[in-house]
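We have chain A; now place chain B onto it with these hints.
So the sequence lines, in the order shown, correspond to chains A and B. When you read off a place in the first sequence, starting at 1, and then add 34, the result is the number in this note's numbering. When you read off a place in the second sequence, starting at 1, and then add 2, the result is the number in this note's numbering.
What the hints contain is simulated information worked out from the structure, not anything from laboratory work. Check before you lean on any hint, since a few could be wrong.
[What the hints assert, rightly or not] Reference listing, derived: stretches of chain A covered by chain B, where coverage requires no fewer than 3 residues with Cβ under 8 Å from a Cβ of chain B:
hint	stretch
1	217-231
2	236-243
[To be verified] To give an idea of the chain A side of the interface with chain B (calculated C-beta under 10 Å), a few residues:
hint	residue
3	Arg247
4	Thr297
5	Gly351
6	Lys352
Source: prediction; values computed, not measured. For each residue, glycine too, the CB sits at the ideal point set by N, CA and C.
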Amino acid sequence: MRRLAPVLELAGPLLLIVAAGLLSTAVSRSTQIYVLHAIVAVAMVVAIYVFIGNSGVLSFGQISFVAVGAFAAGVMTVPLLLKGAILRDLFPILRDHELGNVESLLVAAGVGAVLAAVVGLPLMRLSGLAAGIATFAVLEITNNLLREWTAIGPGATTLSLVPQTTGPAQATIGATLVVLVAWAYQRSRFGRRLRATREDPAAAQAVGISVHRHRLGAFVLSGALCGFAGGLYVHMLGSISTGQVYLELTFLTLAMLVVGGMTSLWGAVVGALAVSGLDSFLAEAERGALPDGTRLVVVGAVMALVLVLRPSGITGGKELRL
Amino acid sequence: MSTAAETQAGDGAGDVLRASSVSRSFAGVRALQDVTLEVRRHEVVGLIGPNGAGKSTLVNVLSGFDRPDDGAVELAGRDVTGWNASRRARAGLARTFQHSRAFPSLSVRENVEVAALGIGARPREAARRADALLELLGLEKLAAVTASALSHGDERRLGVARALATEPHFVLMDEPAAGLPEAELPEFAAVVRSVRDEHDAGVLLVDHNVALVMDVCDRIQVLDQGRTLAEGPPGEIRANLDVAAAYLGESAAE
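Chain B on its own, in the form it takes in the complex:
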């Protein structure tokens, strides 16, 4: 947990995750074109757009699983464009995956523990952190269950618990609510808010569930065909007709 002094420093220019004018092409297809995105600590930024808009590519570029052809990624004031994913994770950048990537033969508890070990926590501290996170995400009853036996929704929650075990300053959540039952969405929204408010982290939330995104995000950025289409507070975005055409129209057609 951060001290009060650190929280105050959170307003400083250093506490930003930023992609500056990043571009990325795959076999001639431009997945990202000159996209700039900023996430500050203590805010939830939504990233929405139709399928193929470049959302996942941007998450990969930010987290170090992909390198931009052009542009730079900055983490807390440092240029991390050349850093690999594990180094960025140790510097405070966590992510979840679109398709659950739990360690299948480890128990739920071991999954969370090894994430804490991954960034250098001692085993005793890792165990303590795992207990707290399993409780936060309502997984404590499943602690001893093998991860491969989890339901879809529980897998998603485990992904978030594992990301938080690395005590991140920034968390990228790639479609964390996909597959969650409608009834569990309010509870999940509360988890996202607690990541912001209690863990003092900045969150980038990529999701197709417009209601969830509108509900929990402080700011929303819309991507379409690899470009930023709009950016602003949820109310403004909802009112934006371009977005309705590009996103809501598309999702209605799905």
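Just chain A, with the same shape it has in the complex:
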């Protein structure tokens, strides 16, 4: 049984992702975009889970890393001929180079990791409310930089003409990779030490675990995965504006994590798929009978209900067990 547990811990999430991937190939084109959204949401939520779930420290800032990843991958894959015309203010190194699909995803992960390291170094000394507020400031700062600084991106305009390479295959493979990394991390000694600090920071220090160092490690890894997920996202949408990787996405992804169960990989995956399903259903309904805005009202209410009735999420924050 002890040998089977880690396999099951990984197999459950992967099966769900593959099932969603297959579903996306079997449905109509208008439904397919919803399914792809859900799979990319799995990548994002699992990336966020790597930090929040393992450390127990709340962060409102992880979408910053999704944002820089999305813009990095987007800006670097717009065809050179068009880029010179629509993004004239870019730094020459960004303006005069074009990357392929895979390279752009790796760059997105790298940019996410670097930004996470820079902000994590001072902020990972904080916990609780202070950490939440400080990471929220990171989201605000990143959003403003992206919106105003036209040397690194499109500024306040929408970046379009990004190659749409994230179809069923890329979404499924991408989300699988993120889950694999998250699983390997939480089973590694680094992940296990960090989870001990989540349970009791003082007792963890008493057995030699540096809380700051281990939180920073997870924050940077989460930053890299968030950047990568941002790359998948922009290649799915084909265009991106700063508003799409800001408050609403922060709220939605945290709702997914809370609803699924913050402290398990299984919870992150289940929450991402369940809330994405609900979200898509309501988005469709808003086109018909329901008034605009119903979507976020319902998702918010569901999150609040889960917090009241089942605070550890629908999976109980536990990994899949037989």
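Just chain B, lined up with the frame of chain A:
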């Protein structure tokens, strides 16, 4: 486990945990005043005194969870006063907590394993160490149980197992026998002795159970109102009337 050569080096001046003239005040209340305490490897030192005498403050100052206002802490010849708790733990100083601080959602076994991982052991070595310690402390049947479901006595034993998993040179035990049933005390005393004799560690034992302390300690230091009141072998301490007044009188009144 230490080699014979290391055990011999245990008699050297480097193998000492020492608090030198430490003082610590909280909001004007002097919890510790100019206290000096030494624990050598391979000995059990008892620390007793009435409630509020400064025992826990001293354990916190020694283990790095608190800093002294004055004085220094020395670990194996190095001044560690400025080191944080996790660094001291990696340098061979382990502690248990007054109120059990098991990692609640981890299993008993995982609790011990992660302690070994904490000081840098590889996962395979951590698993091996956990098996040995669970057996030593009679916890092997509870290995898969979630720590939050343990009885009081088992929690105490888990605390000791976790401290030993860091292969410490010194172990500070903060009231490890509190809540243990009377019948389990002889067995617990044997565990403390095996920490000294088989793990070659120095033990600082803080406990209210005078019989246990008298039984297992090689030396006893008595604190009262933040000062050292007496120090010596158990027989001498027992005979000391000041101690009787400060400690036994108090505990009789409890």
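Q: Under 10 Å, Cβ to Cβ, is where A/Thr297 needs to be relative to chain B, so tell me if that hint holds or is violated.
A: 8 Å, holds
Q.
Please check whether A/Lys352 passes as an interface residue: C-beta within 10 Å of a C-beta belonging to chain B.
A. For A/Lys352, the interface hint holds, since the closest Cβ of chain B sits about 9 Å away, which is under 10 Å.
Q. At a Cβ distance under 8 Å, does chain B reach at least three residues of the stretch 217-231 of chain A?
A. This one holds; 5 residues, not fewer than the three required, reach chain B with a Cβ under 8 Å.
Q. Is the interface hint for A/Arg247 satisfied, with its Cβ closer than 10 Å to some Cβ of chain B?
A. The hint holds - A/Arg247 has a Cβ within 10 Å of chain B, the shortest such distance being about 9 Å.
Q | Interface restraint verdict for A/Gly351 against chain B (beta-carbon cut-off 10 Å) | A | 9 Å, holds
Q: Three residues minimum, CB to CB under 8 Å: does the stretch 236-243 of chain A make the cut for coverage by chain B? Let me know.
A: As far as the stretch 236-243 of chain A goes, the hint holds, because 8 residues have Cβ atoms under 8 Å from chain B.
In this structure, every one of the numbered hints holds.
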